[in-house]
Amino acid sequence: MTKLVEKRTVDMEIIGEWVNPASRVLDLGCGRGALLHYLVQTKEAAAVGVDLDFRRITACVGRGLSAYQGDMTTFMRQFPDRHFDRVICSRTVQELDDPTGVILEALRVGRAVTVGFVNHGYWKNRVDALLRGRKVRNAVYTTEWFESRPANPVTIADFEHFCAAKGITVTRRAHLLGDWRTPCRVLPNFFAGYALYDLAK
Amino acid sequence: MTDPEENEPAFSSLAPGELGLVAPRDFVCASPFTFKSGQVLPGFTLRYETYGTLSATRDNAILICHALSGDHHCAGVHSADDRKPGWWNNLIGPGKAVDTSRFFVVCANVLGGCVGSSGPSSTDPATGRTYGISFPFVTILDMVRSQKLLLDHLGVASLHAVIGGSMGGMTALLFAIEFPLFTRRVLAMATTSRESAQAIAFNEVGRQAIMQDPDWNRGDYPKGGGPRVGLAIARMMAHITYVSDASMDRKFGRRKKNPANGETYNFDVQFEVESYLRHQGQAFINRFDANSYLYITRALDQFDLAHAYGSLEAAFAPVQAESLIVGFTSDWLFPPEQNRQIALALLRAGKPASYAELATDLGHDSFLLESDDLYALVRAFLERNSAAAVDFSI
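Here the protein sequences come in this chain order: A and B. Heads up: the first sequence at position 162 corresponds to 154 in our numbering, and the numbers run straight through without jumps. Heads up: the second sequence at position 26 corresponds to 28 in our numbering, and the numbers run straight through without jumps.
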């Protein structure tokens, strides 16, 4: 568990570096608001989170955050173009019904869009699938398939292809090794455990 | 709001964690009060209750705003024999979500009401008779302004929060708009920024039931008299809008009042739900004034923030408070969508605002629900510190 918390912090630190001070940030799938709380405290961000769960919204409210319970696409449709300086979609894309719709809508309401995801092309996942022939389970995806939510695993290669196909500009990339800390410089789709992308229209 | 029922277990008013005995007081404002309509009263009275203690810095006050048929008695009991405590007693008290050991809680009967505050059943000093429909038209704004005068009188420097459900939610929102520097938090539940056609329609049926009753007599009737039949029907109809298909079916189903009678072929009470609604109607006429019902439903109908300020975003532009809006999935009088629109407009206006939605099947009255999830949310909102290291609002 400690390892997971540590990994979360790394994720937050990189996103924090990309967020300009006092900017207006929207976090899609904000959970209990840990990332937003960090951005408010370190960057004085004007932050809003969206999540589906009442108790997670309660946790955000208790942290002093603005949080909205509901569907993220419906939420974004209620805002004018470029209302937010940055929209963050951290570890959410693999669970979206319509990832294209969400990311394109995020690119409309946000000047920049940050997407972070666990790379399912990471070599350990490949070995796992090849040798064990089972659903990937690791420190991040801990549950059996029958206890898991529907997921649409994504790899770095998939995501690069998506951006190219939709004409989305990638302004920054961060590929991290399996420790989610050390930058990965070669064959990221094989060696990177975690990927962060900064997108613009 | 629905009235208490006969068969509920007795309430232990003096148990630990309960507020216990409370007493109403009257605030008499002797200066003239100009209503939004332009009409003027030479002065007015608001009946109110307070719980807890105002801090030395006079900034720990929470204003509770009641709904259409509510009043100032929102927690505690008036005597040890009371069978029911105030209407929001589950939320308000020492150690509860609205913690009276921390906060100074104020609740007033609205202007136009009939439970001690000036309204159509008050005596007009000019004529010595009750005002009836010569009482000035009341709006939510008039309720807000008169309650601000009460808070000034009590020495409240600023509100830690203003909280309300249904009409109380409208009042709370308008408080933050009209008195932005005075209001630090707004918690509005099961409410709307604009009374919908459906809600106006239900109010109109209630008003027609009252006004078509010959005993209404154009609002001129003696105390204790008046359109009792019309008011009871208005209440029976309105009560249905406060609950839900599922909750009524669970509570009554098709149960018969006297199953032993078998099939009966007359129009007497057959189903328990009929008996229940008749009880609701009868209980209401003993505590509510028909003219007040007309006035307050009219105030609800006229509530439309977007129209009053140009747009909802413009209405919220001056707000300095942090807001929390709560919708309830089964509320079909002020549905979740109308609550969501409030939070979204606040966010579009660049204000800190949250929206939470509780899954219940109890309908509009869900905001009065005994729910640990709801208590946790209210407590989190009231007791939080702002996440921002720097306060942008200054």
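Keep in mind that the hints were calculated from the coordinates and are not lab data. As the structure is a computational prediction, the values presented were derived from the model and not from experiment. Treat the hints with care, as some may be off.
Said to hold, decoys possible - Sample of chain B residues with no beta-carbon within 10 Å of chain A, all distances over it, derived:
id	residue
1	19
2	91
3	129
4	131
5	207
6	320
7	342
8	359
9	360
10	386
Unchecked claim - Using C-beta positions, here's what the derived DEER-type ranges look like:
id	chain 1	residue 1	chain 2	residue 2	range
11	B	61	A	10	46 to 56 Å
12	A	122	B	198	35 to 45 Å
13	A	165	B	247	26 to 36 Å
14	A	90	B	303	53 to 63 Å
15	B	374	A	137	31 to 41 Å
16	A	169	B	374	49 to 59 Å
17	A	72	B	224	49 to 59 Å
18	B	203	A	90	52 to 62 Å
19	A	135	B	311	27 to 37 Å
20	A	182	B	61	53 to 63 Å
21	A	142	B	203	36 to 46 Å
22	B	374	A	136	24 to 34 Å
23	A	13	B	34	30 to 40 Å
Note that CB positions come from ideal geometry on N, CA and C, so glycine has one too.
Structure-based check of all given hints:
no. : hint                      : result
1   : 19                        : holds, 22 Å
2   : 91                        : holds, 22 Å
3   : 129                       : holds, 51 Å
4   : 131                       : holds, 50 Å
5   : 207                       : holds, 32 Å
6   : 320                       : holds, 18 Å
7   : 342                       : violated, 7 Å
8   : 359                       : violated, 5 Å
9   : 360                       : violated, 6 Å
10  : 386                       : violated, 5 Å
11  : B/61 x A/10: 46 to 56 Å   : violated, 38 Å
12  : A/122 x B/198: 35 to 45 Å : violated, 59 Å
13  : A/165 x B/247: 26 to 36 Å : violated, 53 Å
14  : A/90 x B/303: 53 to 63 Å  : violated, 40 Å
15  : B/374 x A/137: 31 to 41 Å : holds, 32 Å
16  : A/169 x B/374: 49 to 59 Å : violated, 44 Å
17  : A/72 x B/224: 49 to 59 Å  : holds, 58 Å
18  : B/203 x A/90: 52 to 62 Å  : violated, 37 Å
19  : A/135 x B/311: 27 to 37 Å : violated, 49 Å
20  : A/182 x B/61: 53 to 63 Å  : holds, 59 Å
21  : A/142 x B/203: 36 to 46 Å : holds, 42 Å
22  : B/374 x A/136: 24 to 34 Å : holds, 30 Å
23  : A/13 x B/34: 30 to 40 Å   : violated, 51 Å
Violated hints for the displayed structure, listed by number in ascending order: 7, 8, 9, 10, 11, 12, 13, 14, 16, 18, 19 and 23.
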